[in-house]
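So you can see what is in the structure, the chains are spelled out below.
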Amino acid sequence: MKPLNRTLLELAPKGRQLNLFRKPRWNEALIQGFLFLCGLFSILTTLGIVYELGKEAWLFFGSGQVSLVEFLTYPRWQPQADEFGILPLLNATLMTTTIAMAIALPLGLCVAIYLSEYASLRARNIIKPVLEILAGIPTIVYGYFALTFMTPMLRAIFGADVVEIYNTASAGLVMGILILPLISSMSEDALNAVPRSLREGAYALGATRLEVAVRIVVPAAISGIAAAIIIGVSRAIGETMIVAIAAGAGPNLTLNPFKAAETMTGHIVRISGGDLSYDSIDYNSIFAIGLFLFFITLILNILSQYVVRRFREVVE
Amino acid sequence: MIQLQNQKWIPSASPVAGLEAEMAIEARHLHVYYDDFLAVRDVDLQIVANKITAIIGPSGCGKSSMLRAFNRMNELVPSARTEGQVLFHDQDIYAPQIDPVEVRRRIGMVFQKPNPFPKSIFDNIAWGMKINGFQGSKKELEESVEISLRAAALWDEVKDKLHQSGLSLSGGQQQRLCIARAIAVKPDIILMDEPASALDPIATLKIEELMHDLTSEYTIIVVTHNMQQAARVSDYTAFFTMDAGRAGVLMEYGVTSEIFTNPRSKVTEDYITGRFG
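Going down the list, the sequences are from chains V and E. Read in order, the letters of the first sequence correspond to residues 23 to 338 in the working numbering. Read in order, the letters of the second sequence correspond to residues -13 to 263 in the working numbering.
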């Protein structure tokens, strides 16, 4: 012990004084400030979008032609006739979303369970990149896929007199394919996050692979899967190109998926592509729709956070 | 049942020469590989029924691989490969026609870290019974759950909160819940992989007492790092060590008191007296 102590003492700087006072660290402050600005940037962007949407929507509702109640309950949207009821647009959005989720949810969950519980390394190495390609295809390509492949196929199956050229079923089905990779990859992450020890515990009781997957792993991952579903729904509601191309160009309050109907996003695209003067009520109306969309996705986001927290409490 | 006197005699494989005890399970020429790495080399090991057998040895000597070979848990690791035989009720559990699911129903396991399912305490027990084809009424199920929890010395602590999550229990309680869960499917053998290493001394003591009580109905094989624990709880001790190629080999096997007081090999003596490991 002695020699070591002496060496340390000899190595210590001479005349070292005790100073416990704060010293300025400018680089720390600089970096902290920069990081804060990065965070602030995204908040300001969001505020800017809300402001712009709100301003134009205010002009729309402030014009005195349409009340909020009318906007939310009137069953027709015909700007030419000064009829601004969002129900037909909302209905079309909900229909394409429901059809898309009816495809994406079961398929996506099955793919996720297969990949996380069953797939060999080789199968994984093939399926995952293919899914990523599926997720990377531009939505306009999906739109024409719906129009030139899915619609003719639906017409061949159900009859050309039943299925219109533009219809929500075709758009919804293709949107389901678009959302499938999102659901499957998020759900797979959730399934993979389930500890190995839980699976082993189940196997050690004589559980089969299916029992382990469906009755232990999926319930344990339910919060992640629920979040995946909600984000998938958000994505479907906001999806624009596919519905603009394949669902139809004209508001139509119908529950028949084989009829043309315009969704909220599809309508915004069509109106903003047309020649409208900037201060017309038609123009302002699309901001009201935009704000409405914003609120729907906001609520879904809050819901997903709530669901994740809620289920996490149950699981942990 | 496997009777020793009928078996080809392998001196190192049996804890006591000439012992006429009932054997619960027996490994013969067992090798466990992970890809090219040999983790367990040529082990012959006979486990006596209704006794506690401890597997001890330094880190990385293949104790856990050996334990997991007894109920085919190793094959959940894709790179794992097992050679040799494990005889259970006169059948080789590695024979091609054997279903590992059925093997695990008869040979249960308790893990190092308590791993209750994220279900209620009640469902933690009931689930294993249901997947094993439990046909009884709700009342019978409730009775069976109570019996299992009592057998695991947990009933009094949880009887008023059976529908709370199993994860709300303390670590020691969770581990006893896992033991209750294993008991509920009525296995012949319970494998325990360092069942108390994540627990405090009092919880450890409870687990050890429980293990002792369970031997009236079950055969227990326990892997442990804790020399005192092996000495306290086990009837027989198998000492594993690594050979020159870092593969696990069975060095010495015998009655626990013999192994600890009068080991045959120098390596065993060095290990149990704390000179290495």
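No lab work stands behind these hints: they were computed from the structure. It is possible that some hints are incorrect.
[As the list claims (entries may be wrong)] Partial list, computed: chain E residues near chain V (C-beta under 7 angstroms):
1. Lys37
2. Gly94
3. Pro104
4. Gly114
5. Ile175
6. Val235
Don't be surprised by glycine CBs; every beta carbon is placed ideally from N, CA and C.
Tell me if proline 104 of chain E is really an interface residue toward chain V, meaning its C-beta lies closer than 7 angstroms to one of theirs. At 4 angstroms from the nearest chain V Cβ, proline 104 of chain E passes the 7 angstroms test, so the hint holds.
Hint check, glycine 114 of chain E versus chain V [nearest Cβ-Cβ separation less than 7 angstroms]: holds, 4 angstroms
Does lysine 37 of chain E hold up as a contact with chain V if the rule is Cβ-Cβ below 7 angstroms? This interface hint is violated because 21 angstroms lies over the 7 angstroms limit.
Should the hint that valine 235 of chain E touches chain V count as held when the rule is a Cβ pair under 7 angstroms? violated, 26 angstroms
Hey, does the isoleucine 175 of chain E contact hint survive, CB to chain V under 7 angstroms? Isoleucine 175 of chain E check fails; min Cβ-Cβ to chain V is 11 angstroms, beyond 7 angstroms.
Satisfaction of the glycine 94 of chain E interface hint, Cβ to chain V closer than 7 angstroms: Given a least distance of 6 angstroms, the restraint on glycine 94 of chain E holds.
Of the hints listed earlier, those the structure fails to meet are numbers 1, 5, 6, in rising order.
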